[in-house]
Amino acid sequence: MHESAEVLKTLAADLVDRVKAHGATEADVLVAEGDSVSVQVRLSAVDRLSKAREKSLGIRVFFGKRSASASTSDFSDTSLKQLVADTCALAKTVAEDKMSGLPEQAALATDVPDLDLYDPTAMPVEETIDVAQRAERAAMDADPRITNSEGAECGSAYGAVVLANTHGFVGYNRSSRFSLSVAPVAEGPDDQGMQRDYWYTVSRKRHELEEPESVGRIAADRTLRRLGARKVGTQRVPVIFDPEMACSLLGHLASAVSGYALYKGASFLQGQLGKPIAPKYVSVEDNGRMPGKIGSRPFDGEGLPTRKTMILDQGVLSSYLLDTYSGRKLGMASTGNASRSIGDNPAVSPTNLFFHPGDVSPEEIIRSVTQGLYVTELIGFGVNMVTGDYSRGASGFWIENGELAYPVEEVTIAGNLKQMFQDIESIGNDLVFRGKLASPTIRIRDMMVGGH
Amino acid sequence: MSRQVVKLEQFALEEREVEQALARVNVRAVDYADIYFESTISESVSMEEGIVKRAVKSISQGAGVRATAGEKTGFAYSDEVSPRDLEIAAETARYIADSPKGDVPVPVTHRPTAPHNLYPLEQPLTGIATQERVDLLNLIDQEARRYDPRITKVMASFNTEQKMMLVATTEGLRAGDVQPLSRLQVTCIAEEGNNRQSGTFGGGGRVAFSFYHEQDRAKSYAREAARQAILNLGAVDAPAGILPVVLAGGWPGILLHEAVGHGLEADFNRKKTSAFSNLLGQRVASEVCTIVDDGTLPSRRGSLNIDDEGMPTTRTVLIEEGILCGYITDRLNARLMGIPLTGNGRREDFRSLVLPRMTNTFMLAGQSEPEDILRSVKKGLYAVSFGGGQVDITNGKFVFSASEAYLIEDGKVTKPVKGATLIGSGPDVLKQVSMVGHDLQLDSGIGTCGKEGQSVPVGVGLPTIRIDEITVGGTST
Numbered sequence: 001m002h003e004s005a006e007v008l009k010t011l012a013a014d015l016v017d018r019v020k021a022h023g024a025t026e027a028d029v030l031v032a033e034g035d036s037v038s039v040q041v042r043l044s045a046v047d048r049l050s051k052a053r054e055k056s057l058g059i060r061v062f063f064g065k066r067s068a069s070a071s072t073s074d075f076s077d078t079s080l081k082q083l084v085a086d087t088c089a090l091a092k093t094v095a096e097d098k099m100s101g102l103p104e105q106a107a108l109a110t111d112v113p114d115l116d117l118y119d120p121t122a123m124p125v126e127e128t129i130d131v132a133q134r135a136e137r138a139a140m141d142a143d144p145r146i147t148n149s150e151g152a153e154c155g156s157a158y159g160a161v162v163l164a165n166t167h168g169f170v171g172y173n174r175s176s177r178f179s180l181s182v183a184p185v186a187e188g189p190d191d192q193g194m195q196r197d198y199w200y201t202v203s204r205k206r207h208e209l210e211e212p213e214s215v216g217r218i219a220a221d222r223t224l225r226r227l228g229a230r231k232v233g234t235q236r237v238p239v240i241f242d243p244e245m246a247c248s249l250l251g252h253l254a255s256a257v258s259g260y261a262l263y264k265g266a267s268f269l270q271g272q273l274g275k276p277i278a279p280k281y282v283s284v285e286d287n288g289r290m291p292g293k294i295g296s297r298p299f300d301g302e303g304l305p306t307r308k309t310m311i312l313d314q315g316v317l318s319s320y321l322l323d324t325y326s327g328r329k330l331g332m333a334s335t336g337n338a339s340r341s342i343g344d345n346p347a348v349s350p351t352n353l354f355f356h357p358g359d360v361s362p363e364e365i366i367r368s369v370t371q372g373l374y375v376t377e378l379i380g381f382g383v384n385m386v387t388g389d390y391s392r393g394a395s396g397f398w399i400e401n402g403e404l405a406y407p408v409e410e411v412t413i414a415g416n417l418k419q420m421f422q423d424i425e426s427i428g429n430d431l432v433f434r435g436k437l438a439s440p441t442i443r444i445r446d447m448m449v450g451g452h
Numbered sequence: 001m002s003r004q005v006v007k008l009e010q011f012a013l014e015e016r017e018v019e020q021a022l023a024r025v026n027v028r029a030v031d032y033a034d035i036y037f038e039s040t041i042s043e044s045v046s047m048e049e050g051i052v053k054r055a056v057k058s059i060s061q062g063a064g065v066r067a068t069a070g071e072k073t074g075f076a077y078s079d080e081v082s083p084r085d086l087e088i089a090a091e092t093a094r095y096i097a098d099s100p101k102g103d104v105p106v107p108v109t110h111r112p113t114a115p116h117n118l119y120p121l122e123q124p125l126t127g128i129a130t131q132e133r134v135d136l137l138n139l140i141d142q143e144a145r146r147y148d149p150r151i152t153k154v155m156a157s158f159n160t161e162q163k164m165m166l167v168a169t170t171e172g173l174r175a176g177d178v179q180p181l182s183r184l185q186v187t188c189i190a191e192e193g194n195n196r197q198s199g200t201f202g203g204g205g206r207v208a209f210s211f212y213h214e215q216d217r218a219k220s221y222a223r224e225a226a227r228q229a230i231l232n233l234g235a236v237d238a239p240a241g242i243l244p245v246v247l248a249g250g251w252p253g254i255l256l257h258e259a260v261g262h263g264l265e266a267d268f269n270r271k272k273t274s275a276f277s278n279l280l281g282q283r284v285a286s287e288v289c290t291i292v293d294d295g296t297l298p299s300r301r302g303s304l305n306i307d308d309e310g311m312p313t314t315r316t317v318l319i320e321e322g323i324l325c326g327y328i329t330d331r332l333n334a335r336l337m338g339i340p341l342t343g344n345g346r347r348e349d350f351r352s353l354v355l356p357r358m359t360n361t362f363m364l365a366g367q368s369e370p371e372d373i374l375r376s377v378k379k380g381l382y383a384v385s386f387g388g389g390q391v392d393i394t395n396g397k398f399v400f401s402a403s404e405a406y407l408i409e410d411g412k413v414t415k416p417v418k419g420a421t422l423i424g425s426g427p428d429v430l431k432q433v434s435m436v437g438h439d440l441q442l443d444s445g446i447g448t449c450g451k452e453g454q455s456v457p458v459g460v461g462l463p464t465i466r467i468d469e470i471t472v473g474g475t476s477t
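Taken in order, these protein sequences are the chains called A and B.
All residue numbers for the first sequence refer to this note's numbering, where the first residue is 1 and numbers rise by one.
All residue numbers for the second sequence refer to this note's numbering, where the first residue is 1 and numbers rise by one.
Calculated from the structure, these hints are not laboratory results.
The reader is advised that the hints may include incorrect statements.
As the list claims (entries may be wrong) - In the BS3-like style, the derived pairs of lysine-lysine whose C-alpha atoms are separated by at most 30 Å in a straight line are: (1) A:Lys81 / A:Lys20; (2) A:Lys20 / A:Lys92; (3) A:Lys308 / A:Lys205; (4) B:Lys7 / A:Lys81; (5) B:Lys431 / A:Lys231; (6) B:Lys379 / B:Lys412; (7) B:Lys378 / B:Lys412; (8) B:Lys163 / A:Lys92; (9) A:Lys205 / B:Lys451; (10) A:Lys280 / A:Lys418; (11) A:Lys308 / A:Lys280; (12) B:Lys219 / A:Lys329; (13) B:Lys219 / A:Lys65; (14) B:Lys379 / A:Lys231; (15) A:Lys264 / B:Lys219; (16) A:Lys418 / B:Lys415; (17) B:Lys431 / B:Lys272; (18) B:Lys163 / A:Lys81; (19) B:Lys378 / A:Lys231; (20) A:Lys264 / B:Lys415; (21) A:Lys264 / A:Lys92; (22) B:Lys219 / A:Lys98; (23) A:Lys92 / B:Lys7; (24) A:Lys329 / A:Lys92; (25) A:Lys231 / B:Lys7; (26) A:Lys329 / A:Lys20; (27) A:Lys231 / B:Lys415; (28) B:Lys272 / A:Lys231.
Sequences are here, hints too, so could you generate the full structure?
Right, dumping it as structure tokens:
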């Protein structure tokens with residue numbers, strides 16, 4: 001870290017003052033800085049080493065109900081002076097928006113709890129290279145059919161942000177992130193061709209990063225099992241989403257309950273608040289205060305305290321995800337889900353969003369299906385958030401009489417998200433947090449599989 | 001207007017400082033090193049609910065230093081461009097390169113070309129008054145609402161970017177460019193009872209602001225987005241299974257980008273992880289297919305005077321009459337593979353490493369009448385517009401999702417169908433192309449390609465084509 005917390009806080013508070021001096025009625029300032037190292041090794045040799053030092057700041061100004069935002073990575077006094085002047089001028093050119101403005105002062109976070117998101121442990125370049133090499137080697141050594149590799153990537157990043165506003169709020173948060181991923185390539189005999197898959201581990205703490213050998217072996221297994229994949233016939237069957245793919249359903253849910261999508265009339269969950277949209281055994285929680293988790297943060301992008309919010313409570317859509325602006329548009333209070341990219345207006349994003357686990361094991365879920373598809377990869381963007389229409393490319397395994405019979409590829413799965421949530425038949429007990437979104441295995445009653 | 005030349009002084013640097021930094025990186029084992037300087041100003045205004053309520057401006061500047069030795073790359077970047085930061089970056093780049101040597105480098109074939117001047121703008125985009133941008137968006141709102149009373153929401157955004165870049169290499173090259181880019185995007189929502197549908201359209205390029213007013217473009221984008229939203233109100237479920245598909249010209253060229261373009265990027269082929277590895281000289285498409293990547297088309301979104309390694313962009317034939325004949329290269333991969341440099345070394349910004357990337361990728365026009373192509377299909381799908389696409393490079397499976405499509409019944413275009421994903425295999429799908437229209441069309445200038453987390457603007461193009469068999473991922477049988 002190159003600047004201390006105090007230096008960043010002073011810079012942010014000073015900018016808030018400068019903007020006020022320009023006649024702004026309200027403003028907030030976000031300053032971020034970070035250091036990162038990442039290494040990619042391929043076939044044991046270091047393919048690339050990247051090192052970065054970054055800093056940037058964003059300001060948002062209000063002149064009454066008019067506002068504009070700007071950002072820069074140039075912290076020189078001349079540049080900041082210009083930025084403040086430009087942003088204030090810009091704000092005067094846009095239309096008044098009744099709902100715009102900072103959150104109410106009383107809503108701002110008064111305590112900034114330590115959520116255990118920062119680990120100062122340095123990960124020297126030599127160690128980073130070693131971890132990546134060990135992970136890739138474990139994958140390459142797992143089976144002679146692993147013949148090639150897209151490489152292994154390992155990195156560490158440390159960052160800090162300060163948010164300050166004209167209500168006097170000054171929040172500081174720092175965090176770290178360690179990651180490792182491996183992408184082996186397998187080649188099968190005869191016409192089986194090549195397959196690639198990957199596995200990864202991400203953590204806030206150096207010691208929580210999973211063992212490189214284990215990550216490599218899982219990556220190899222996931223790749224090998226895809227060899228010999230074939231197409232299946234077009235048919236309507238039960239579809240099981242493995243935990244990684246089930247997270248994509250949470251992603252679609254998060255987009256559909258985002259206040260912005262809702263007030264724009266662009267969500268398939270329009271008008272569903274308080275209504276059952278899934279069976280009783282389906283609950284989804286957003287929780288920004290879980291210690292040490294990837295999606296955790298003590299305050300949101302507007303300085304409101306993060307919290308626990310039930311999105312689906314026993315099947316009932318019980319809350320949207322909101323920031324101040326989208327909340328006001330819908331006549332509701334923010335849920336503390338404002339996220340900011342430097343210099344942009346707040347947007348809404350989940351913190352740690354997860355399905356509450358059920359009590360069946362993934363094996364039992366697979367055993368419950370006579371003929372069906374177990375999905376382990378989805379590609380493409382065939383999701384219409386306005387209607388919920390869903391059609392994506394899939395690969396995975398064909399299930400025959402409760403067992404994974406053979407790998408499948410080049411098929412599509414199609415349905416409608418509204419129906420898919422209603423059709424959740426089982427939720428596994430295998431919830432593991434590997435990122436912001438976490439899901440156990442999920443079985444959907446049926447979907448159309450498009451093949452030959 | 002003459003071409004703007006970018007000089008080191010614009011980054012507050014002197015030649016001596018750059019030479020010193022390059023000399024620090026250029027140790028024994030290093031084959032090549034460069035420093036990339038960038039300063040980008042982006043501005044965005046957006047409109048919803050009939051008012052322009054958001055304006056955002058960002059300034060991004062910094063430098064990236066890279067050194068390659070054999071297959072290895074050392075890279076560092078900083079958002080400060082002071083001599084001290086260059087030193088730190090140079091040390092990092094050197095760390096990697098200063099170790100045992102990798103492959104013996106193969107000399108790169110340089111084709112001397114005159115510098116392009118593909119986007120001479122009389123007025124820089126940063127000089128457009130915010131009020132003019134606001135007026136443009138207001139025009140769109142009116143036009144879309146006028147189209148049909150069932151249009152209930154109109155959202156539009158106008159983004160401009162002015163990128164100034166300069167690359168300095170250990171080979172003594174100093175090349176810079178000013179790259180303007182803009183895009184106007186419209187989304188409409190149509191409602192009828194409980195039925196709610198959306199439509200999106202947009203366009204742009206490395207063009208002057210006047211482009212959006214010429215030929216009534218801005219208004220036509222608004223009408224097009226509104227038309228799609230209204231059309232979707234009456235869409236029926238798409239079919240599932242293998243069908244003949246006719247793709248309309250223009251943006252459906254995203255098929256080429258996903259199915260073959262990525263698979264022909266040199267990095268995947270050097271590593272032999274592409275489904276197209278070792279297929280050079282072989283048939284990968286029917287003989288009516290000739291596909292090129294061309295970064296030299298004036299004013300197009302995917303075009304560049306020089307790539308991010310300072311090489312003038314070129315036109316590269318990827319597939320000629322069905323035979324795979326070339327890859328898309330950057331310096332590192334051209335050198336390691338001993339193949340020609342095509343001027344496709346691109347990076348999102350100074351924070352990113354150069355990768356071989358597409359520019360404008362399209363299929364050349366054929367002989368068929370578009371009407372004959374449609375008439376040839378008894379039962380199939382006619383896909384006119386698409387959302388995004390994606391490919392798995394290694395097994396070659398790709399998808400792209402239709403946002404406007406119709407059933408073809410007995411050679412006639414009939415009912416509109418809901419969006420559906422099309423899935424196929426890159427090395428096979430173009431063998432299924434049996435007819436190519438004479439109506440080559442390039443897209444309207446909205447494409448962004450993602451690779452290894454980096455986004456770069458690209459273009460695609462296609463004449464009307466017939467694909468005999470491809471899997472359509474609808475819900476009805």
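Cross-check of the supplied hints:
Restraint check: the Cα-Cα separation between Lys81 of chain A and Lys20 of chain A comes to about 13 Å, which is no more than 30 Å; the hinted pair holds. Taking the CA atoms of Lys20 of chain A and Lys92 of chain A, the gap is about 15 Å. The hint holds against a cut of 30 Å. Of the pairs offered as hints, the one joining Lys308 of chain A and Lys205 of chain A holds, with about 23 Å between alpha carbons and a cut-off of 30 Å not exceeded. As the CA atoms of Lys7 of chain B and Lys81 of chain A are separated by approximately 25 Å, the hinted pair is consistent with the 30 Å bound.
Simply put, Lys431 of chain B and Lys231 of chain A have alpha-carbon atoms about 18 Å apart, close enough for the 30 Å limit, and the pair holds. Simply put, Lys379 of chain B and Lys412 of chain B have alpha-carbon atoms about 9 Å apart, close enough for the 30 Å limit, and the pair holds. Proposed proximity of Lys378 of chain B and Lys412 of chain B is supported: the alpha carbons are some 8 Å apart, at most 30 Å. A threshold of 30 Å between alpha carbons decides the hint, and for Lys163 of chain B with Lys92 of chain A the separation of about 26 Å falls inside it, so the pair holds.
With a C-alpha separation of about 28 Å, the suggested pair Lys205 of chain A and Lys451 of chain B falls inside the 30 Å cut-off, and the hint holds. Note on Lys280 of chain A and Lys418 of chain A: the hinted pairing holds, with a Cα-Cα distance of about 15 Å set against a maximum of 30 Å. Using a Cα cut-off of 30 Å, the hinted pair Lys308 of chain A and Lys280 of chain A holds, with the two alpha carbons roughly 20 Å apart. At most 30 Å may separate the alpha-carbon atoms for a hinted pair to count; Lys219 of chain B and Lys329 of chain A meet this at roughly 28 Å.
Taking the CA atoms of Lys219 of chain B and Lys65 of chain A, the gap is about 29 Å. The hint holds against a cut of 30 Å. Straight-line distance between C-alpha atoms of Lys379 of chain B and Lys231 of chain A comes to about 22 Å, which keeps the hinted pair within the 30 Å bound. For the suggested pair Lys264 of chain A and Lys219 of chain B, the alpha carbons sit about 22 Å apart, so the restraint of at most 30 Å is met. For the suggested pair Lys418 of chain A and Lys415 of chain B, the alpha carbons sit about 24 Å apart, so the restraint of at most 30 Å is met.
For a cut-off of 30 Å, the pair hint linking Lys431 of chain B to Lys272 of chain B stands: about 22 Å separates their Cα positions. The straight-line distance between the Cα atoms of Lys163 of chain B and Lys81 of chain A is roughly 22 Å, inside the 30 Å bound, and the hint therefore holds. Between the alpha carbons of Lys378 of chain B and Lys231 of chain A the distance comes to roughly 25 Å, so the proposed pair stays at or under 30 Å and holds. At most 30 Å may separate the alpha-carbon atoms for a hinted pair to count; Lys264 of chain A and Lys415 of chain B meet this at roughly 28 Å.
For the proposed pair Lys264 of chain A and Lys92 of chain A, the alpha carbon gap of about 24 Å is at most 30 Å, so the pair holds. Using a Cα cut-off of 30 Å, the hinted pair Lys219 of chain B and Lys98 of chain A holds, with the two alpha carbons roughly 28 Å apart. Using a Cα cut-off of 30 Å, the hinted pair Lys92 of chain A and Lys7 of chain B is violated, with the two alpha carbons roughly 35 Å apart. With a CA separation close to 22 Å, the supplied pair Lys329 of chain A and Lys92 of chain A stays within the 30 Å bound.
Taken as a hint, the Lys231 of chain A and Lys7 of chain B pair is broken in the structure, with Cα atoms around 56 Å apart against an allowance of 30 Å. Straight-line distance between C-alpha atoms of Lys329 of chain A and Lys20 of chain A comes to about 26 Å, which keeps the hinted pair within the 30 Å bound. The suggested pairing of Lys231 of chain A with Lys415 of chain B holds, with an alpha-carbon distance near 29 Å, which does not exceed 30 Å. A threshold of 30 Å between alpha carbons decides the hint, and for Lys272 of chain B with Lys231 of chain A the separation of about 24 Å falls inside it, so the pair holds.
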